[in-house]
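Chains as they are written, first to last, in the numbering used here: chain B, 625 to 781; chain E, 43 to 145.
Just to be clear, a hint being listed does not mean it is correct.
[To be verified] Heads up, simulated SDA-like pairs for lysine to any residue below, C-alpha to C-alpha not over 20 Å straight-line:
| no. | chain 1 | residue 1 | chain 2 | residue 2 |
| --- | --- | --- | --- | --- |
| 1 | B | LYS775 | E | ILE122 |
| 2 | E | LYS129 | E | LEU88 |
| 3 | B | LYS701 | B | HIS652 |
| 4 | E | LYS129 | B | LEU651 |
[Stated by the list, open to error] Just so you have them, the derived chain B footprint on chain E, three or more residues with Cβ under 8 Å:
| no. | region |
| --- | --- |
| 5 | 62-68 |
| 6 | 77-89 |
| 7 | 92-100 |
| 8 | 117-129 |
No wet-lab data here; the hints were simulated from the structure.
Just so we're clear, the structure is a prediction, and the values are computed from it rather than from any experiment.
Idealized CB from N, CA, C, for every residue including glycine.
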Amino acid sequence: MSEIIVLALAALLLASSAAVFILRRVLHAVIALTLAFIASAMILIYLGQTLVALLQLFIFVGGLSTYLIVVISIEDKGRVYGNLPLFAVVALLLSIVLIFAVQYLPTGLAAAPNSMLQTAPDAFGAYYPLLYMLVLLLFSAAAGTVLFIKKFVKLFR
Amino acid sequence: MISEITYIVAAAMAMLAIAVAGIATDKHFVVIMLAIELVLASSTVLLVAFFAYNSVPNPGALVMLISIWGVAAVEVITLITFYIYMKYRDIGFDVTKLSRMKW
Numbered sequence: 625m626s627e628i629i630v631l632a633l634a635a636l637l638l639a640s641s642a643a644v645f646i647l648r649r650v651l652h653a654v655i656a657l658t659l660a661f662i663a664s665a666m667i668l669i670y671l672g673q674t675l676v677a678l679l680q681l682f683i684f685v686g687g688l689s690t691y692l693i694v695v696i697s698i699e700d701k702g703r704v705y706g707n708l709p710l711f712a713v714v715a716l717l718l719s720i721v722l723i724f725a726v727q728y729l730p731t732g733l734a735a736a737p738n739s740m741l742q743t744a745p746d747a748f749g750a751y752y753p754l755l756y757m758l759v760l761l762l763f764s765a766a767a768g769t770v771l772f773i774k775k776f777v778k779l780f781r
Numbered sequence: 043m044i045s046e047i048t049y050i051v052a053a054a055m056a057m058l059a060i061a062v063a064g065i066a067t068d069k070h071f072v073v074i075m076l077a078i079e080l081v082l083a084s085s086t087v088l089l090v091a092f093f094a095y096n097s098v099p100n101p102g103a104l105v106m107l108i109s110i111w112g113v114a115a116v117e118v119i120t121l122i123t124f125y126i127y128m129k130y131r132d133i134g135f136d137v138t139k140l141s142r143m144k145w
């Protein structure tokens, strides 16, 4: 039963990922991307990381996808396709090569899934400068966006 | 459970392959940026899968995961900024013609 669930989630993940490149309108591609995020969050739930899956849903689906859908739906026209046959061939060949490497996974795996939440105190204690740098990166990206748009686009004037 | 983790890793690998193939073959700026989001999502799944079933879990995985989310957020901010700029300046979204952009 659990194998069927995993295979269904993997099929949803791959179908929605491929739809990003197959659909003609950019807005539909963004919606397919949102579906891929939801499928990946469901896989995280299957892996026993409920909190991480919830955070992934908040950040990717609730934040980023909504932001993208709102902005891109303002003016969305059909786009020229990429080279779909070439895309299919490259995706298939790369998948075969990458999946071939899966057989070399280590065999000494844990019997039950580890919880990411339990490692949080160690992680935040040891790597806190990295988190400060990440906050700085986000802040500078947001500030840079406002400055860029104010300088080059007469949108806020 | 080992077979199921193999399926999940294989699915994440295939998702990565689809995203890289899309970057290589598509010309639309926004779609290429969405493909980079797919790469980040597949790396999230791989990271969590390897963390969950590692016999010695590494606490750094959580910080790595937060870093991936941060980079994804910054990438979307950049995408939206350039989208608005290119729309306003009436520049096409074909990445092969982006050299026409002038400051």
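Review point. Within the assertion that chain B covers the region 77-89 of chain E, do at least three residues meet a Cβ-to-Cβ distance smaller than 8 Å?
Key: holds (count 7)
Exercise for review: Take a quick look at whether LYS129(E) and LEU88(E) sit within 20 Å of each other, Cα to Cα.
Suggested key: violated, 36 Å
Practice item. Could you grab the alpha-carbon distance between LYS701(B) and HIS652(B) and see if it respects the 20 Å cut-off? Key: holds, 11 Å
Exercise for review: Confirm or reject the coverage of the region 92-100 of chain E by chain B under the rule of 3 or more residues with a beta carbon closer than 8 Å to the chain's beta carbons.
Suggested key: Our answer is that it holds, as 7 residues pass the Cβ test (under 8 Å) against chain B, meeting three.
Check your understanding: Taken at face value, is the distance from the CA of ILE122(E) to the CA of LYS775(B) at most 20 Å?
Key -> With Cα atoms ~16 Å apart, LYS775(B) and ILE122(E) stay inside 20 Å; holds.
Exercise for review: Can you take a look at whether the region 62-68 of chain E is actually covered by chain B? Rule is 3+ residues, C-beta closer than 8 Å.
Suggested key: holds (count 6)
**Study point:** Holds or violated: LYS129(E) to LEU651(B), with C-alpha atoms at most 20 Å apart
**Key:** Status holds; Cα separation ~15 Å.
**Study point:** 8 Å C-beta test of the region 117-129 of chain E against chain B, three or more residues
**Key:** holds (count 10)
Hint violations for this structure: number 2 only, all remaining hints satisfied.
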